Amino acid sequence: MAEGGLWPSAIYTRRPRAVAKHPMNTTWDPKVSVSDADLLLAFAQGNGQAARELTQRLLPRVLAQATRMLANPTEAEDVAQEAMLRLWKIAPDWRAGTAQVSTWLYQVTANLCTDRLRRRRGGVSLDQVAEPPDETPSVAARMQTQTRLRALSDALAELPERQATAVSLRHLEGLSNPEIAQIMDISVRSVESLTARGKRALAAILAGRKAELGYHDD
Amino acid sequence: MTDPNDDMLDDLFGQARNVAPEPSEALVARVLADAAAVRHAAATPKPTLLDRFFDMIGGWPAAGGLVAATLGGLWIGVAPPASVEDFTAAMLGEQVAVGILSSDTVFDMDPLADG
Chain E
1 MAEGGLWPSA
11 IYTRRPRAVA
21 KHPMNTTWDP
31 KVSVSDADLL
41 LAFAQGNGQA
51 ARELTQRLLP
61 RVLAQATRML
71 ANPTEAEDVA
81 QEAMLRLWKI
91 APDWRAGTAQ
101 VSTWLYQVTA
111 NLCTDRLRRR
121 RGGVSLDQVA
131 EPPDETPSVA
141 ARMQTQTRLR
151 ALSDALAELP
161 ERQATAVSLR
171 HLEGLSNPEI
181 AQIMDISVRS
191 VESLTARGKR
201 ALAAILAGRK
211 AELGYHDD
Chain G
1 MTDPNDDMLD
11 DLFGQARNVA
21 PEPSEALVAR
31 VLADAAAVRH
41 AAATPKPTLL
51 DRFFDMIGGW
61 PAAGGLVAAT
71 LGGLWIGVAP
81 PASVEDFTAA
91 MLGEQVAVGI
101 LSSDTVFDMD
111 PLADG
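If you read the sequences in order, they're chains E and G. According to the numbering used here, the first sequence is numbered sequentially starting from 1. According to the numbering used here, the second sequence is numbered sequentially starting from 1.
Hint data in this document are derived by calculation from the structure and do not stem from the laboratory. Careful: at least some of the hints might be erroneous.
[What the hints assert, rightly or not] Incomplete in silico selection of chain E near chain G, CB under 10 angstroms: (1) Gly48; (2) Val62; (3) Trp88; (4) Pro92; (5) Trp94; (6) Ala96; (7) Arg148; (8) Ala155; (9) Ser168; (10) His171; (11) Met184; (12) Asp185; (13) Ile186; (14) Ala203.
[As the list claims (entries may be wrong)] Computed beta-carbon distance windows for the label pairs: (15) E:His216 to G:Ala29: 41 to 47 angstroms; (16) E:Gln56 to G:Ala43: 34 to 40 angstroms; (17) E:Ala99 to G:Asn18: 26 to 32 angstroms; (18) E:Gln56 to G:Gly59: 38 to 44 angstroms; (19) E:Ile90 to G:Gly77: 56 to 62 angstroms; (20) G:Ala33 to E:Glu192: 19 to 25 angstroms; (21) E:Ala196 to G:Ala29: 41 to 47 angstroms; (22) E:Pro92 to G:Ala79: 27 to 33 angstroms.
Model, not experiment: these values are computed from the prediction. Cβ coordinates follow ideal geometry from the N, Cα and C atoms, glycine included.
Could you put together the complete structure from these sequences and hints?
Next up, the structure:
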């Protein structure tokens, strides 16, 4: 999988003691890794550079998660902006050691996406309206990919929210069951159950669109 | 034997995982603007009760006018100009003090005899 940056590497690096103790009074060396939590603390204490650093680290991952779940660039950008806004707002109340910033963001982004998916149920957005066929092979292939991703997103919208969240974290983000359990604050066994049921339900929903999506039984 | 629907699903998951859009400059700018707004709001001190009172009456200029009017009224009450006295006399009549008991009666009474 290409998402080596799903869990920011800085989380696993030991933070410099001086920065941890006095994030406000210290300007960090960009070459030295500082944890996301320390940056958030620095931001809460008025350091604007910390916001830029956090945005650089976290926004790509948040945007990717939202895009995979929603298959709509505009909606995904709105969700990513909202998730980051919630991060800025929670900064003064963030308690180091209680949760990882990345874990918290996975949860917030997933919740914002399932809210959007819920609203999508029953309504047909403009994105679902078929566009005129394009004869160029690469464009046609791209359109088929887009159609497939949209179909997957719409099928996720049909699932109960917890199943949709668990399936997306497991199969779209590639997280392990213990990581998902931590994000969703449930047991690993519950994660296994949710992902298994969710995957079966998705397969059933998409079975009827197999030919339309360009899959054929061989 | 694998379920063909599972194969389709695994392929869809794989295609979705390959999606990794780079945030546009516009999005980054929006996110940083939000951060600056939140930081600015947090840096602005919360108004005290006195601040809110001044805001309610219209700020320091209004408070200054209020104080001047109050002091002016007080001064007119303590040392009324002749024109004001004439006006109040015309409107309310002359002030007349009426004593029910004469001061002599009150203060010159003999102390009560013991027993």
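request  = Give me the numbers of the hints this structure contradicts, sorted from smallest to largest.
outcome  = Those not satisfied are hints 5, 6, 11, 12, 13, 16, 20, 22.
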